[in-house]
Amino acid sequence: MTRRPLSILVAGLLAAGMAVSFGACEGTVPQVSAPTSDGSPTPDLSEAQEETIRTDLLKTIEDCNSQKDPTGLEQAMTGPELQIRTSELLVAQKTGKLDAKTAIPTDISQTVIPTDSGWPRSVFTITETTEDQQSKRLLVFTQGDARENYKLWGLTRLFQGVSMPKFTVPQIGSAMGHEEDAGLVMTPKEAVARYADVLQNGDQSQYAGDFDGDYFREELAKLSATVQEGMERNKGTQSQTFSPVEGQMQIMRTADGGDLVVAQIDSVWTRTAGEGRESQPASDAEKALFDGKATSTMKATYVNVIALYVPSEKSGLKVTAVGAERQVVKVEAV
Amino acid sequence: MSGVKTDDQEEHSEPRHHPGPTRHAKIMRGVVTPIFGLLAVACIVFGILNSTIWKPSPSINAKATVQDTRYLLVDPGVLDLVDNAVTVSVDGGDEARATADQTEQGNQQDAVDTDVDTACIAIGSAKDAAGWLSGESYVRITGLETWEQLSTSDKETHGTASQSENQVSFADSDMWTKTACGNGTAELSLEDATSSEVALVDFGTSVPDATITMHWIRQDIPNFAMPWYFAGGLLAVLAVLSASLFAMEPLGRRKRGSELPEEPVKRKPQPEEVGIGEAFAGSLSKLRPTRSKHEPGRPRRRHARSHQEDGQDTPTVVDPSSRNMVAERARTAESGTANDETTSVITPDELTAYFARLAQEVGTEDAPAGGDAALAVVTDDATEVADTTADGAPEGASTELVVVEGEEAHNVAEEEPGDETSTKEPKQ
Chain X
1 MTRRPLSILV AGLLAAGMAV SFGACEGTVP QVSAPTSDGS PTPDLSEAQE
51 ETIRTDLLKT IEDCNSQKDP TGLEQAMTGP ELQIRTSELL VAQKTGKLDA
101 KTAIPTDISQ TVIPTDSGWP RSVFTITETT EDQQSKRLLV FTQGDARENY
151 KLWGLTRLFQ GVSMPKFTVP QIGSAMGHEE DAGLVMTPKE AVARYADVLQ
201 NGDQSQYAGD FDGDYFREEL AKLSATVQEG MERNKGTQSQ TFSPVEGQMQ
251 IMRTADGGDL VVAQIDSVWT RTAGEGRESQ PASDAEKALF DGKATSTMKA
301 TYVNVIALYV PSEKSGLKVT AVGAERQVVK VEAV
Chain P
1001 MSGVKTDDQE EHSEPRHHPG PTRHAKIMRG VVTPIFGLLA VACIVFGILN
1051 STIWKPSPSI NAKATVQDTR YLLVDPGVLD LVDNAVTVSV DGGDEARATA
1101 DQTEQGNQQD AVDTDVDTAC IAIGSAKDAA GWLSGESYVR ITGLETWEQL
1151 STSDKETHGT ASQSENQVSF ADSDMWTKTA CGNGTAELSL EDATSSEVAL
1201 VDFGTSVPDA TITMHWIRQD IPNFAMPWYF AGGLLAVLAV LSASLFAMEP
1251 LGRRKRGSEL PEEPVKRKPQ PEEVGIGEAF AGSLSKLRPT RSKHEPGRPR
1301 RRHARSHQED GQDTPTVVDP SSRNMVAERA RTAESGTAND ETTSVITPDE
1351 LTAYFARLAQ EVGTEDAPAG GDAALAVVTD DATEVADTTA DGAPEGASTE
1401 LVVVEGEEAH NVAEEEPGDE TSTKEPKQ
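Going down the list, the protein sequences come from chains X and P.
Going by the working numbering, the first sequence opens with residue 1, and the numbers climb by one from there.
Going by the working numbering, the second sequence opens with residue 1001, and the numbers climb by one from there.
Just so you know, these hints were derived from the structure itself, not from any lab.
Take these hints with a grain of salt, some might be off.
[Unchecked claim] Far from chain P by the CB rule (all over 12 Å, computed), these chain X residues: (1) Asp69; (2) Asp116; (3) Ser163; (4) Ala255; (5) Asp256.
[Stated by the list, open to error] Label-pair restraints from in silico Cβ distances: (6) X:Gly17 with P:Asp1172: 42 to 50 Å; (7) X:Asp203 with P:Glu1165: 42 to 50 Å; (8) P:Gln1163 with X:Thr129: 26 to 34 Å.
Quick caveat, the model's predicted, so the values are computed rather than measured.
Backbone N, C-alpha and C fix where the C-beta goes; we use that ideal spot for every residue, glycine too.
Hey, can you work out the whole structure from these sequences and the hints?
See below:
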């Protein structure tokens, strides 16, 4: 009987303890699991982000197009495309008509998103054909720094009927390539330099055999031959030099282990008229950009953007140009 | 004492075989049952409390306060730590707002719309956030310390700051999948946060006191009530059992004890199914004094002893208890002890009928003398006997079973209810 009050006390304490311990219980706090992102790199952008970025940029470009004013272009463009579009808009100001090749379709057939964690980064996007059935455009957007935004760096018109290499789907993302990528028939940097040589020297180039024939090369050769013909009639001369621009190269790994290389190659076309004649602009665009007094020699500077597919060493394929863009940016009489 | 009590009880009780509450039953019902009952009630009360006022809150608001920082980085895996739907809100304190106000005043209308949004939250990938934070010091939100407290890291700085001339504002970066900005404070809700996403907060300038709050609605709230209900249910069952079955247990033992010395009896009455308890009760009055004599011993020993004693009464293998029972019944019938009478199955009339049958059967039994193929079969397993007798076709079954003495076999047969016997009689 004497134990009873004690028992009651103990029971009371136990009950109180239980009440406290069970009363405010919220369950165990979840723990953050260790990140496993190192195993599989994620794409730098989602497709939706790419679309947003592209749409915004194209809207800015469209605004500039409609105003034929290159002032705001820097917001949306960089690299060779900035030079090219600026020139196109200046030409349009003069001619009153924007060249049809400047059209950029908003629908895309494919986008290639990198998985690289560093900068600069580049996104390759292939559009559909334009409304007037021009060929597809290969757009290259780059982000130079984490604190910068993507801008349209390059645009090439893909050759009709060209077969493009395959890329990893954007949900997985592709790795970006490097100028010195090994395991290819040649490094991207070599490919660009050799292609420039082929453009300059045509079939006489020592590298002519390394490249499959392409539309751009053929057209350029034809143009050069036509001009050459005229020049020869006037006892004039013409020469064109092609030189890759250092650092202006964007590379994306393809699914088959090759590289798609988009690079800027500047070219200077010097035409000297003979027999005391004046050398005149060779095209409407040159004419629009030329505002001075013609002399015997005319130097036209072109910006070329070429897209080369550099296959892997094992493939047994040659390097192929799949797309190109060429625009005169400066015409001067010297 | 208990025996007397029991008898008294029986006098007043219904013709049930229960002897009345023993000390054990009293303890079970008076002490154990209330304890179980109280515990059951307590458990259920706790269960109800846990499912109501103590229910874990599904709404989680975890907060952290950080000093002297411009950037806060919510680590990967933190946004979706509790649920995929999360709301992040930050407050840069007066410092951030003051800056905003000043900007507003200073720039008049020009920058009102753009520069007022000093605090911004952005959702992006860890590598993008790391790229943006390159060269900047920041504090990481690393997880939940408690349900109310976010854990933070020390200030960190990695990489070198961007030298780009084309820098865009924090909120305008292409890298973020979602941004929310405000004047000194910002709030951003995500419907489906993933573990790879991070949240980056920029207060625009280093603020002395920054607060970040993350709000989730828990989907899987731990159910602390169910274990209580379960325990409560178990205890309730225990309480009921201790009031009924456990309280009766010693009685059961007694019955067994009373029966075991007369094992064959146990086997024989069993065919009667209903007769188990009744048979016990019938023999109870006789056995009790015996039990009280042997009280200190274990029941089985008692059985053994009484078995021996009984065995002496009847030298054959014949089950003595059956005889005892019969005799006892006869005795009680003669003496007219009302109580035992009522508790036994066999009424005096039945007993008379039984004796008549016995006399008849004894007469007929003499013919098959050996009794081998007849129904005179007793095996160790009483149920088999029950089966054979109940079937009403003892002849078939007898072949497999151990044959006991003819006389004994009669007993088996005779013990059967009237119906069974009557069906058997024509056969014989």
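Hint by hint, here is what the structure shows:
no.	hint	in the structure
1	Asp69	holds (20 Å)
2	Asp116	violated (9 Å)
3	Ser163	holds (31 Å)
4	Ala255	holds (23 Å)
5	Asp256	holds (27 Å)
6	X:Gly17 with P:Asp1172: 42 to 50 Å	violated (57 Å)
7	X:Asp203 with P:Glu1165: 42 to 50 Å	holds (44 Å)
8	P:Gln1163 with X:Thr129: 26 to 34 Å	violated (41 Å)
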